[in-house]
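Student: Okay, here's what each chain looks like letter by letter:
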Amino acid sequence: MSTKNRSDKSSSSSITKDKYTIILPTYKERENLPIIIWLISTELEKCFIDYEVVIVEDNSPDGTLEVAQQLQKIYGEEKIKILSRPGKMGLGSAYMDGIKKSTGNWVILMDADLSHHPKFIPQFIEKQKKLNCEIVTGTRYQSGGGVFGWNLYRKLTSRVANYIASVLLTPGVSDLTGSFRLYRKDVLEKLITQNKSKGYVFQVEMMVRANQLGYQVGEVPITFVDRIFGVSNLDSGEIVGFLKSVLNLFMNIE
Amino acid sequence: MGASDKFIGFVMVLFRIFVFGYYTTWVIITPFIVSDHWIQQYFLPREYGIIIPLVLLVVGITAIGTFLGLVMIKSKKNK
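Quick note, the sequences are listed as chains A and B, same order. In terms of full-length UniProt numbering, the first sequence opens at residue 1 and continues consecutively. In terms of full-length UniProt numbering, the second sequence opens at residue 1 and continues consecutively.
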């Protein structure tokens with residue numbers, strides 16, 4: 001199965017020119033959106049990468065949609081596409097809808113809250129070309145990567161969560177809960193349709209399924225910066241929820 | 001903040017190496033050293049080599065179990 005995947009990929013990528021679609025799910029990101037778009041365009045144009053951004057807007061009350069429309073006027077409809085949805089419907093469906101609007105053959109998933117810096121995207125692409133793999137994930141847990149803006153408690157929880165998940169699920173990836181990743185489009189579509197988890201475990205399941213289907217995953221060290229505007233928190237209920245769904249995943253994957 | 005976290009991590013790793021070394025010496029090496037050798041005074045009687053880890057394990061599992069139980073009860077009440 002994996003050999004078949006590999007051969008049809010190498011033939012298609014050598015003929016067509018690669019285009020990268022960045023899917024940005026947004027909810028209440030009016031301050032961050034102009035900055036992230038500007039960073040994406042400067043970083044990617046520096047490396048002559050053919051790209052587009054799909055903003056999946058979940059009807060934020062703070063007017064993120066208007067900001068997105070203004071940005072579209074500035075950068076052009078070729079570069080920025082907007083998908084307006086009636087409300088929050090989950091990460092999986094946001095990515096799925098984003099894929100339908102995308103025209104690239106590769107998809108980059110990242111957060112719009114500035115915790116992921118677009119300067120790593122060229123490194124992702126380079127890594128993918130070098131390894132000829134289907135997926136590249138950003139990792140905080142390799143030399144050169146890291147987290148900024150978290151206290152010791154938050155760092156420890158994240159480490160332990162990753163450790164538990166990797167012991168139970170053995171996916172062979174160092175950062176399971178990260179959400180800054182590059183996928184070949186058809187691979188991403190396939191993985192999302194199989195994915196039943198929510199929240200942090202959604203990202204875990206993507207890696208586990210990829211491993212199960214025999215896709216190769218490359219890793220690039222990234223620095224994660226905790227959100228500057230707005231808050232992200234982790235309460236004890238979330239920790240238990242994470243453990244439950246990892247256990248659930250463990251039972252359901254053979 | 002980053003530097004002090006690194007320091008704490010460094011101390012944790014040192015502690016772990018120390019415990020590993022000490023316990024290994026205690027449980028694997030000291031039984032082969034004569035009982036009146038000076039080094040024996042730095043180690044407790046050997047049965048504690050089982051008792052201490054066992055107690056830590058029971059306490060640890062109880063703590064985790066209580067935490068999980070409390071959170072589950074709380075989340076059920078909220079519903």
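Among these hints, one or two may not hold up.
Each computed DSBU-like pair below joins lysine-lysine, with the alpha-carbon atoms no more than 35 Å apart [to be verified]: (1) Lys77/B - Lys130/A; (2) Lys244/A - Lys76/B; (3) Lys77/B - Lys28/A; (4) Lys74/B - Lys244/A; (5) Lys79/A - Lys74/B; (6) Lys88/A - Lys77/B; (7) Lys155/A - Lys77/B; (8) Lys77/B - Lys244/A; (9) Lys77/B - Lys198/A; (10) Lys74/B - Lys155/A; (11) Lys6/B - Lys119/A; (12) Lys6/B - Lys28/A; (13) Lys79/A - Lys100/A; (14) Lys185/A - Lys6/B; (15) Lys76/B - Lys88/A; (16) Lys74/B - Lys88/A; (17) Lys198/A - Lys74/B; (18) Lys244/A - Lys6/B; (19) Lys155/A - Lys6/B; (20) Lys127/A - Lys6/B; (21) Lys76/B - Lys198/A; (22) Lys77/B - Lys19/A; (23) Lys6/B - Lys100/A; (24) Lys74/B - Lys129/A; (25) Lys46/A - Lys76/B; (26) Lys6/B - Lys101/A; (27) Lys198/A - Lys100/A.
From the structure, some residues in chain A lie toward chain B, with a derived Cβ separation under 7 Å [claimed, not checked]: (28) Leu114; (29) Ser236; (30) Gly237; (31) Val240.
Just so you know, these hints were derived from the structure itself, not from any lab. Please read these numbers as outputs of a predicted model, since none were measured by experiment. C-beta: ideal position from N, C-alpha, C; glycine also.
Student: Please work out if lysine 185/A and lysine 6/B have their alpha carbons no farther apart than 35 Å.
Tutor: 39 Å, violated
Student: Restraint: glycine 237/A near chain B, CB-CB cut 7 Å. Satisfied or not?
Tutor: With a minimum Cβ separation of about 5 Å from chain B (threshold 7 Å), the hint on glycine 237/A holds.
Student: Just to be careful, I want the Cα atoms of lysine 77/B and lysine 28/A compared with a cutoff of 35 Å; is the pair within it?
Tutor: The given pair, whose Cα atoms are some 30 Å apart, holds under the 35 Å limit.
Student: Quick check on serine 236/A please, does its C-beta sit within 7 Å of some C-beta on chain B?
Tutor: Since chain B brings a Cβ to about 5 Å from serine 236/A, closer than 7 Å, the hint holds.
Student: For the pair supplied as a hint, lysine 74/B and lysine 244/A, is the alpha-carbon distance within the 35 Å limit?
Tutor: Answer holds: lysine 74/B to lysine 244/A is near 15 Å, not above 35 Å.
Student: Would the hint linking lysine 127/A and lysine 6/B be met if the CA-CA limit is 35 Å?
Tutor: 29 Å, holds
Student: Would the pair lysine 79/A and lysine 74/B pass a check requiring their Cα atoms to be no farther apart than 35 Å?
Tutor: 47 Å, violated
Student: Take a quick look at whether lysine 77/B and lysine 244/A sit within 35 Å of each other, Cα to Cα.
Tutor: 18 Å, holds
Student: Has the given pair, lysine 6/B with lysine 28/A, been kept, meaning a C-alpha gap of at most 35 Å?
Tutor: 34 Å, holds
Student: Taken at face value, is the distance from the CA of lysine 130/A to the CA of lysine 77/B at most 35 Å?
Tutor: Violated. Lysine 77/B to lysine 130/A sits at ~53 Å, over the 35 Å cutoff.
Student: Below or equal to 35 Å on CA atoms is what counts here, so check lysine 88/A against lysine 77/B.
Tutor: Holds, at about 25 Å.
Student: With 7 Å as the cut and Cβ atoms as the points, is valine 240/A at the interface with chain B?
Tutor: 5 Å, holds
Checked against the numbered hints given earlier, the structure breaks hints 1, 5, 14, 22, 23, 24, 25, 26 and 28 and satisfies all the rest.
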